[in-house]
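If you read the protein sequences in the order shown, they are chains S and B.
Residue numbering for the first sequence follows our numbering, beginning at 1 and increasing consecutively.
Residue numbering for the second sequence follows our numbering, beginning at 1001 and increasing consecutively.
Treat the hints loosely; a few may be bogus.
[Stated by the list, open to error] Anything over 10 Å on all C-beta distances counts as not near chain S; from chain B, calculated:
#, residue
1, ALA1071
2, GLY1089
3, ILE1090
4, ASP1305
5, ALA1328
[Unchecked claim] If we take Cβ atoms under 8 Å as the criterion, some of the chain B residues that face chain S in the derived model are:
#, residue
6, LEU1045
7, LEU1049
8, ARG1053
9, LEU1065
10, ARG1067
11, PHE1070
12, GLU1074
13, GLN1078
14, ARG1079
15, ASN1086
16, ARG1093
17, ILE1097
18, PHE1349
19, TYR1352
20, LEU1374
Keep in mind the hints are simulated off the structure, nothing from the lab.
Note that this is a predicted model, so its numbers are computed, not measured.
Ideal placement from N, C-alpha and C gives every residue a C-beta, glycine not left out.
Single-letter residue listing:
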Amino acid sequence: MKRALLILLLAAPLRAEDPGLELDPDGRLVLHSLPAVLAEELVRPHLTRGLTATFLFRVDPQGLRIRRQGSGARVEIRYELWDEVFHVAAGTADGAVDRRELDSFGELELWWRDLRLVVAGETYLDGLDPPPRRQARVELDLVPFSQAEQIDAQRWFSDSLDEAAKSGAEEVAESAEQPAGTLDRTFHLLMATSIRRPALVSYRWTVPIEVGSL
Amino acid sequence: MIFRIPLAAAAVVLLAAGLLFDLVHNRFSAPLLAFGVHPQVVGQLERSLADQRELAGRDPEHAALYRERFAALETLVQRLYVLELNRAGIARRYQQIVLAVFAALAVAVAAAYVWRQGRRETRLLRVQAALAELAAGRTDVTLRDRGRDAVGRIAGMIEQTSRRMSRDRRRLAALRNLSAWQEAARRHAHEMRTPLTGARLELGRLAGLLESESLKNPAEIRQAAASAGQEIERLGTFAQQFTSFARLPHPEKKTWDLGRLLAEFASTFAAAWPNLTLACAPPDAPIEVLADRDMVRQVLVNLCDNSSLALGDRKGRVELAADVEGEAAVVRVADDGPGVAEEVRARLFEPYTTTRKIGHGMGLGLAISKKIALDHDGDLELERTSEEGTVFRLTLPKIPPGPPFIKGGERTEEDDA
């Protein structure tokens, strides 16, 4: 029952306090005042496991067009278990990457709160008359590990299955150093590729676009 | 049998299930357990991580070693986290694979069933064809179906029946041959004994005449000598019949108009049999055949002989008619006699087959006639017989129309015209 409830909670996009979205004088959409999602029960455990947790931001503005293809930003947080520090990196739509090392979760929260993420590098206004209400749909997904970690886990899983199958075959045939058969390899490969990078937690907001001094 | 195939299919599925169990147990379950994604295992690993850090703090000299161990444990824990986060996906993939394997097995079983049914149908068709051959009288039927099921057993029985039929036929032929030889010996003995007895008696009488008063009556001596000579002549005639049968000449075939040939025969032999009237129905168009005229005439003579003898003292009629049937020319010789006795119909064309008394013919006429017909690439058959009459059917190869008509093998201007 608890599990079903958890799945339901995970499946449904969560809501937290709204972030701010600003159109700066350079025509860039900047996300700021990020909600304090890091401390949430569903999020925090994933930040201290030593894996690279990735927060993916996507923005779909109305009344505003993005000149370049693609928009959004990503924040990667990896906790170094030995040194007990957070390695963070914020990549924005304008190509900038801000890397830091934070000593505690409190510092991380502060850094998060003060983040200003450029989610669209170049925009222009719709020429509609009357101008529509400017707002944007903001989406945030938490992916608990990076692609490199996914590939590493897939390879390890497949190799471990091979090793286990080999040791199983040795018990039966008592023959050493027999490579896994094609069928076994195929099976292990199929199993290994079932490891994916699901978005564990998702947030959705619709926020007004604050226009700076244009 | 209805249950056998489903049972076999069920056995295959069970076997597959066993293999699948082996796959699950040895290839998947055990490794999965080995990963130890159980929370307690992960908890222990996390404690080990903390221990390594603490050990490094207390034993700084070996900090690098603890750091190395820490890194290894950290990697393992992280991988386990990844597995844990994908547990549902891995289980789902596993179910998909199992489902695919079962589906493949089901398809394989269904394909095997269809193939088996198709093969069975093919085998049944072969058995049906073999039975048809057997029914048609063939005795060399082979199927080479060594299946242990009902079809295989039936195939074996058909072959066995075929072999038995072949053996019985050979035995029957041998017995018939023996019977024919016995009948021939009986007839030969009688045919030779009668003139020999006559000749012996006449020679005895002649000897008596010579010893007594014979010289006073030379006419009686001459009569006795002539009588003995006649009996010996009968023996010679008898021997000649065998010679004729044994040395039937090869037909010298020439092109003849069959209608004209029959008309000439009816005209020439009109008075040959006092109790027979010969009639010939001319065909609508000339029918050209390649035949030896004298031998064809011999066939007709034999048939008319038989009709005349069958009529006895009664008068009768023989009608000759020519016709075309497909690629063959057909001569029908129909009489209004008493018909052929039923007991001799089956072996009518075999030598020494006759209903006449011994001493009144050897029963070689129809055998000779059949041989002549076969030598012409044709045939002689008994078409029908009853108390109202008998019809024999003589088949001869017809010359297809086209080249100019050649009579007797030579072109004649008259016929060309």
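Quick rundown of the hints versus the structure:
The beta carbon of ALA1071 (chain B) is not kept farther than 10 Å from every beta carbon of chain S, the shortest such distance being approximately 8 Å. Non-interface status of GLY1089 (chain B) relative to chain S is broken: a Cβ of that chain comes within 10 Å, the nearest being about 5 Å off. Listed as a non-interface residue, ILE1090 (chain B) fails to keep its Cβ farther than 10 Å from every Cβ of chain S; the least gap is roughly 5 Å. Look at ASP1305 (chain B): its CB is around 89 Å from the nearest CB on chain S, clear of 10 Å, so calling it non-interface holds up.
No beta-carbon of chain S is positioned within 10 Å of the beta-carbon of ALA1328 (chain B); the least distance is around 70 Å. For LEU1045 (chain B), the suggested interface contact is broken, since its CB lies about 11 Å from the closest CB of chain S, more than 8 Å. A cut of 8 Å between beta carbons decides the hint on LEU1049 (chain B): the least distance to chain S is about 6 Å, and the hint holds. A distance limit of 8 Å between C-beta atoms decides the matter here; for ARG1053 (chain B) the minimum to chain S is near 7 Å, and the interface restraint holds.
For the restraint placing LEU1065 (chain B) at the interface with chain S, the shortest Cβ-Cβ distance is roughly 13 Å, beyond the 8 Å limit, so the hint is violated. The beta carbon of ARG1067 (chain B) is positioned within 8 Å of a beta carbon in chain S (closest approach about 6 Å), and the interface hint is therefore held. A cut of 8 Å between beta carbons decides the hint on PHE1070 (chain B): the least distance to chain S is about 6 Å, and the hint holds. Contact between GLU1074 (chain B) and chain S, as hinted, is supported at the beta carbon level, the nearest pair being about 5 Å apart and thus within 8 Å.
Interface hint status for GLN1078 (chain B): upheld, as the beta-carbon distance to the closest one in chain S is roughly 5 Å, under 8 Å. The closest approach between the C-beta of ARG1079 (chain B) and any C-beta of chain S is roughly 5 Å, which is under the 8 Å cut-off, so the hint is satisfied. Here the hint on ASN1086 (chain B) is kept, as its CB sits about 5 Å from the closest CB of chain S, short of 8 Å. Satisfaction of the interface hint for ARG1093 (chain B) is found here, the shortest Cβ-Cβ separation to chain S being roughly 3 Å, below the 8 Å cut-off.
About 6 Å separates the beta-carbon of ILE1097 (chain B) from the nearest beta-carbon of chain S, less than 8 Å, and the hint is met. Restraint check, PHE1349 (chain B) versus chain S: the minimum CB separation of about 74 Å is more than 8 Å; hint violated. Annotation: interface hint on TYR1352 (chain B) violated; nearest CB of chain S at approximately 80 Å, more than 8 Å. The interface hint given for LEU1374 (chain B) is violated, since its Cβ lies 71 Å from the closest Cβ of chain S, which is over the 8 Å cut-off.
In the structure shown, a violation is registered for the earlier hints numbered 1, 2, 3, 6, 9, 18, 19, 20, in ascending order.
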